[in-house]
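Trainee: The lines below spell out each chain.
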Amino acid sequence: MKKAAHFMNGRSGAVKSSIEEDNLDSWFRHGTDLFRYLLLHQKSFLLSLTVLVLLVPFVMNYTLGKPLLNGSESYYHLSLASQQHWFTGNYQFLLPMISYIPVLVLWLSSFLMGIATIILFLFVLEDLKVDNKISFFFALLIIVSPFFIFAFTTLSSSGFFLFLLSLGFFLLVKGGKARFFALFSFFFATFFDLYSTFILFLTLLLFFWSDFYQSEGGREELFKANLKKEKFIFLAGVGVLFLIHLLILNQPFFLGPFYVQQFIPDLISDLGGLSGISFFVFLLFVIGISITWKNKSFGKIYFFLPVVFLGYYYSTQTVLITCVVILFFATVGLVHLLERKWLLQNVKKFTFLLLFLGILFSTLTYLNRLPFFGPSLDDERSLTWISQNTASEGIVFSDSLNADYITYFAQRKPFSFIRSNITVQNSTAAIFEAQYIQDLFPLLEQNNISIIYLNAQMKKTLPSEYGLLFLLKNERFKLVHSSQDSEVWMFLREGESQS
Amino acid sequence: MQKRVMYWLWGIFFVTLLLRLLLAFFQPGFTSESYYHIRQVEHITSKGVPLYDDPLSYGGRENIFPPLFHYVMAFFNIFLPLEFASKLVPNVLIALITIIVFFISKKITLDDNASLMSAFLAGFLPVLYNTNAFTPDALFLPLIFLTIYAFLNIQQRRFSLLYIILFLALALTSANTFLLIIGFGIYLLLSVIESKKVDSAELELILFSLFFLVWTEFLFFKNVLLKEGIGFLWQNIPTGVYEHHFPPVSLAGALILVSIIPFLTGIYAVYRSLFQLKETMIFFLISLVISTTLLTWFRIVPSRLSLAFFGIMLAIFFSLFYHEFMGYLKKTKISRYSHYVTFCFVLILIPTMVYPAITQSLKQSLPLGLEIDAFEWINTHTSPKAGVLTTLEEGHLATYYAKRRNLMDDQFALISDTEQRFRDLNSIYTTPFQTEALSLLDKYNLNYIVLTPHGQQEYLLEGLKYFTKSCFPLVYNNSVQIYRIKCTLKKTE
Chain A
677 MKKAAHFMNG RSGAVKSSIE EDNLDSWFRH GTDLFRYLLL HQKSFLLSLT VLVLLVPFVM
737 NYTLGKPLLN GSESYYHLSL ASQQHWFTGN YQFLLPMISY IPVLVLWLSS FLMGIATIIL
797 FLFVLEDLKV DNKISFFFAL LIIVSPFFIF AFTTLSSSGF FLFLLSLGFF LLVKGGKARF
857 FALFSFFFAT FFDLYSTFIL FLTLLLFFWS DFYQSEGGRE ELFKANLKKE KFIFLAGVGV
917 LFLIHLLILN QPFFLGPFYV QQFIPDLISD LGGLSGISFF VFLLFVIGIS ITWKNKSFGK
977 IYFFLPVVFL GYYYSTQTVL ITCVVILFFA TVGLVHLLER KWLLQNVKKF TFLLLFLGIL
1037 FSTLTYLNRL PFFGPSLDDE RSLTWISQNT ASEGIVFSDS LNADYITYFA QRKPFSFIRS
1097 NITVQNSTAA IFEAQYIQDL FPLLEQNNIS IIYLNAQMKK TLPSEYGLLF LLKNERFKLV
1157 HSSQDSEVWM FLREGESQS
Chain B
854 MQKRVMYWLW GIFFVTLLLR LLLAFFQPGF TSESYYHIRQ VEHITSKGVP LYDDPLSYGG
914 RENIFPPLFH YVMAFFNIFL PLEFASKLVP NVLIALITII VFFISKKITL DDNASLMSAF
974 LAGFLPVLYN TNAFTPDALF LPLIFLTIYA FLNIQQRRFS LLYIILFLAL ALTSANTFLL
1034 IIGFGIYLLL SVIESKKVDS AELELILFSL FFLVWTEFLF FKNVLLKEGI GFLWQNIPTG
1094 VYEHHFPPVS LAGALILVSI IPFLTGIYAV YRSLFQLKET MIFFLISLVI STTLLTWFRI
1154 VPSRLSLAFF GIMLAIFFSL FYHEFMGYLK KTKISRYSHY VTFCFVLILI PTMVYPAITQ
1214 SLKQSLPLGL EIDAFEWINT HTSPKAGVLT TLEEGHLATY YAKRRNLMDD QFALISDTEQ
1274 RFRDLNSIYT TPFQTEALSL LDKYNLNYIV LTPHGQQEYL LEGLKYFTKS CFPLVYNNSV
1334 QIYRIKCTLK KTE
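As they're listed, the protein sequences go chains A and B.
Under my numbering, think of the first position of the first sequence as 677, with each following residue one higher.
Under my numbering, think of the first position of the second sequence as 854, with each following residue one higher.
Since the hints were derived computationally from the structure, they do not count as laboratory data.
Please note that the accuracy of each hint is not assured.
[Stated by the list, open to error] Beta-carbon label-pair distances, calculated as ranges:
#, chain 1, residue 1, chain 2, residue 2, range
1, A, G913, B, L1086, 28 to 36 angstroms
2, B, Y1319, A, L1168, 36 to 44 angstroms
3, B, F1151, A, L710, 28 to 36 angstroms
[Claimed, not checked] Stretch-level coverage of chain A by chain B, calculated; a stretch enters the list once three of its residues show a Cβ under 8 angstroms from a Cβ in chain B:
#, segment
4, 804-817
5, 862-873
[As the list claims (entries may be wrong)] Derived list of chain B stretches under chain A, where covered just means 3 residues or more per stretch with a C-beta under 8 angstroms from a C-beta of chain A:
#, segment
6, 1052-1066
7, 1253-1262
Glycine residues also receive a C-beta, built at the ideal position from the N, C-alpha and C atoms.
In isolation and in its complexed conformation, chain A is listed as follows (with noise of 0.2 angstroms):
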């Protein structure tokens, strides 16, 4: 915990942490075996949980005959790639390499680098010496998070963002030569969005400032050049990049959305989010920060705070990175109330008890509701159904929800997506909301929708007493296709004869 700190702040004397360390040792010692020697072999069992756990969502997908990778992001950057012929402004001069490969070697690529960034993670915190304890829960509550989960088992800009920060990091603080290809790494980073170089900047910027950098034996060990021209060459280094790519390159302060945003959900999986921490997390980290908050070796990781929330504020696309900064805080609160001298010893385990048993609940709630998250294997074979049997000038409406499905698998064009602009979501609400044909039919005729895309998601949810579903009705849609609760409704012209 002081080593946490010192991490942070770390002017070794000014660091005063209230917390005494050696009451966790005896908790350990004398409390359970398990965690003494959970502890001691920590990597071994991060790595093993780490693997676990992301092998599960493959083996659910896999067993249902789902597609491998869950969730609109994945399909976005896939699409791309299958229309992307080279650089374009931002990470996506990566993709015409991804539309070679098959998905299964891309869900591994995604599997391995979540692997890769834990133990990466492990040895960045050990060359900082970080405290044993520490960097153990804090790996643990990193690998058993949804949010964890969700970019290591999809094609996602975060964990890729992750893992690139982790290497980056990790050849930071080896010193030496190595250092220098840190900036390859922070350099491919900047690819993504301009809030994730902002992220890279600040972290750089916290930990050339923090005092483990500053001090003497740090210094020694991971730069013997001159220390000022590092820095500059770091920080200047992505401070040109991001004026680069807002200037120049036009690229986005977020990537996104891919799904209706929810401020609370989409932090808290507990309440039905697609990714996120637990609730029991959440509740460790307004303990830490109630603990941390006048403590003033954290004070710089505080700047941390109004700046990812902000940024999860304006898009929750940025959970992972907000999520991380929540689980440093969860760290520390829970590592304060193991080390804490408890009156109530047996309050205290059976404290314990809960709180690890609510956070394996979660997760496993979590891992659970992964198969239920699109695409089914259902939009696969209606969609790809829809690639081999229609014009390809076809535009097909169905929810912005399934937009990145419907251009991937059904190489079409759709005619929303949820990043799509207001008048296009005005459209799309009107022809869901339409109550009669007299109105449904020319917003169809205007807008060139030849295909309606079901699925069951939308059947569930779509009245079908009025609206869109009951209009289907008329002879002026055929259903040419369905596969279980998809169903594949053409739009005939006047004058068209149902065949």
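Once you have looked at the hints, place chain B on chain A.
Mentor: Same frame as chain A, but now just chain B:
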């Protein structure tokens, strides 16, 4: 405890209980929401588990809730008839609040007389006089105050164990337990603001309570949380029903329900404690009041429950006022008349509390006997697969007495279309158009329409405007009308 004090305390308890039982048994039946819980108890008695998959409510739905109250009642149902136990046990539990209030007041004032006065007040709080209600609140209220008492005595080891047991019971009784957790949060905040050191054991139990409650809520409400997200806190209540569940409480209404004397003296005691005395125990109790007020403000805790909680708290705070007042009197020349002052207090309290309490009980909305007869008639004269249209309030009568599917009732959790259903329900009762009514009746596959005096009063109707003998033959008419639905808009084969 002195014998005199003990006799007085038991006296207050028995008088309270007697009055409550008289009122409960004097009026037949239960409040409408009680029938939902009675069904659950019956199911536990016969099958051993609660009826989480209810085939009748909303035409078939899942409803998960913490079941301790129902299990406790099922236990009593083993040796007592359910109808009798359902009136006896909740009233005994509520009457027990007098004893708990006595001990809490004693803890904070160390004054027997003041504590007895508080117990008396708690026994006759009008807001607690829903004598014919059979809801988990009957167990929740005494349990939460017993938990508070255990927490106030946490320095004694046996009380920490008692606290843990009580908290487990509380979490398994009602989801409203989180008002205690929010209260703890406010207590910690107030302590930080006032630079008071929180006792280590208190902090540990607060942490335990927090994690335990969150964990149990996840176990019970996992699906609700995933489906409704943060909206889970608002229990999926349709906006049109908000006024019923969270009626805006006017100052005058609140004064009647918690009574004017405890209200005024309680406010004085809170002011003194918060700004002058600054005692930790009182801080804790005030935190709970703030927590309840906030949760009611945000429409998370029903106003009825929060007023009950608030009223009991005021009764406890009365002991502070009484203790201080009598202490002051003793310093004056009229100290020898102090027992007359006590008598005067009682004299003032009787008309301002006992009378409103009795009125409150008599004002309960209970189904009439002939309404119950009508629902029983449906049970014996219609197909078990039939669906019955009733008002929202009578939804549980349809499932309990008629044992038939309803369109909706006041258990909204996990129902995806409560807003739509509530709109449709109102439309069926108020539309002048037969086609609209028939299409809605078709939509929910309903076969009978029940029009009770309560329903007529609610919708200001004498009869439904679109009724025709050919489509809606009257099959039962005894102040309550039951119409069979013969027509349909569906395509025929």
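Trainee: Work down the list of hints and note, for each, if the structure agrees.
Mentor: Here is how each hint holds up against the structure:
no. : hint                                   : in the structure
1   : A:G913 to B:L1086: 28 to 36 angstroms  : violated, 48 angstroms
2   : B:Y1319 to A:L1168: 36 to 44 angstroms : holds, 39 angstroms
3   : B:F1151 to A:L710: 28 to 36 angstroms  : violated, 42 angstroms
4   : 804-817                                : violated (count 0)
5   : 862-873                                : violated (count 0)
6   : 1052-1066                              : holds (count 9)
7   : 1253-1262                              : violated (count 0)
Checked against the numbered hints listed earlier, the structure breaks hints 1, 3, 4, 5 and 7; every other hint is satisfied.
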